[in-house]
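Protein sequences appear in the order of chains A and B.
Sequential numbering from 1 applies to the first sequence in our numbering.
Sequential numbering from 1 applies to the second sequence in our numbering.
Treat the hints loosely; a few may be bogus.
Remember, identical chains collapse to one label, so a pair may be satisfied in a single copy or spanning two.
[To be verified] Below, in silico cross-link-like pairs of lysine-lysine (DSBU-like), each with a Cα-Cα straight-line distance of 35 Å or less: (1) Lys-154 / Lys-172; (2) Lys-154 / Lys-106; (3) Lys-172 / Lys-150.
Simulated from the structure, these hints should not be mistaken for lab results.
All values reported here derive from a predicted model rather than from experimental measurement.
The lines below spell out each chain.
2 protein chains.
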Amino acid sequence: MTDEMNSDQQPEGLDAATHTPELDRIAELEAQLDEARNQALRAAAEMQNVRRRAEQDVEKAHKFALERFAGDLLPVLDSLERGIELSNPNDPALRSMHEGMELTLKMFLDTLSRFSVAEVSPHGEPFNPELHQAMAMEENPACEPNTVLKVFQKGYTLSGRLLRPAMVVVSKAPSAPAPHIDEQA
Amino acid sequence: MTDEMNSDQQPEGLDAATHTPELDRIAELEAQLDEARNQALRAAAEMQNVRRRAEQDVEKAHKFALERFAGDLLPVLDSLERGIELSNPNDPALRSMHEGMELTLKMFLDTLSRFSVAEVSPHGEPFNPELHQAMAMEENPACEPNTVLKVFQKGYTLSGRLLRPAMVVVSKAPSAPAPHIDEQA
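All chains should be modelled from the sequences, with the hints used to inform the complete structure.
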C-alpha cells in the first residue's frame, strides 16, 4: 500500500542538514496516518448515526403500518355502530342479534384500544380544531359558544395522533336578538 | 498523536548501517498506517451491514405490527360472521339487519385483503397441515382420505404466512368393513 508513495518523494527542503528523504517520508507517513485515523473515527461516528436512524425508522415503520391499517378499519367500525343504532333493542325479534352486534363492537373497540386507538366523541365538550371538524354552526342559547352540540361521526386517535377528526356541529353566540321574539311581542 | 511514539524508540537492530532511528520510525508508521486504513475499511464494511440490517428490521417491524394487529382482529371477524350465520335472512324482521351486517363483514374482509390478509377456508380440499389444524377425523366413504369435511373455524394468512390455522374435520380411510353391513346381511 505504501510502496508507490516512496517513489514519489522529491527532496525540496531548504535546510539540507535536517531535510533527509527519511524525514520527508516520516512527515508524509504521519500525515497519512492522521488522515486514516480521522477516517476511521468518522466512519465509527457515522455508524452510530446509521444505527440511531435505523432504530427510529423501525419505530416509524411500526407506527405507520398501524396507522394505515387502523385508519382503514374505521369505516368498518362506523358501519357496525350504525347497524346497532338502527336496530331497536326493545324489539324481541332483534334482541339477540342486537346483543351479538354489541358484543362484536365491544371486542372491536377493545382490540383497537390495545393498539392505542382511542375514540374522539366530544359531545358537550368545547370545540377543539385539532381533533374536531365543524360541519355546521348552530345558535344555541343554552350552551356556551363553541360547544360541540352533536357528533355526526366519531373521530379516532392512534397513540395520541389524530387518525380521523370527529365530525361535529358547534354552537355559536346569537348574532342578534332572535326574530321570533319580535313576532311573539 | 505521534510525539509519544518518538520517545519510545529503542534501537535494537543488528545491521547498524541500515538500522537508523528514522528507518525504525518509518517502519513503525507504515505498520500503524496499515492498521488505521484497515480499521477504516472494516468500519465502512460494517456500516454497509448495519444499513442492510436496518432495512430488514424496518420491513420486519412493518410486518410484525400488522401481524399482531391482524391476528388480534380475527376474533372480531369470527364474532361478526357468527352473528350473520345465526340470523335467518328470510325472517322479514331481521332482513335489513342481516344485510347491514353482511355489508359490514364485506367491508371488513375487503380492508383485510388490502393488507394481504387472506382466508383459509378449505372445505373439500386436501388436508394441509401447514394451514389446517385437524380437530377430528371421520370415516367418510364418499371422500378421499385426508379431505377436509368441515371447517369449524376459518384460518387466515398474512402475506402468505399463517396467522391462524383453519380448524377442520378430516376424512379418514375406513379402517375395516363397517359393522352395519354385516347386520344387514
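For each hint, the structure was consulted:
In the homo-oligomer, the alpha carbons of Lys-154 and Lys-172 lie at most 35 Å apart inside one protomer (21 Å), although the nearest pairing across protomers, at 52 Å, exceeds that limit. Proximity of Lys-154 and Lys-106 under a CA criterion of 35 Å is satisfied in both settings, with 15 Å inside one chain copy and 21 Å between copies. In this assembly of identical chains, the alpha carbons of Lys-172 and Lys-150 lie at most 35 Å apart only when taken from the same copy (13 Å versus 61 Å across copies).
Figure legend: structure checked against the earlier numbered hints; every hint is met.
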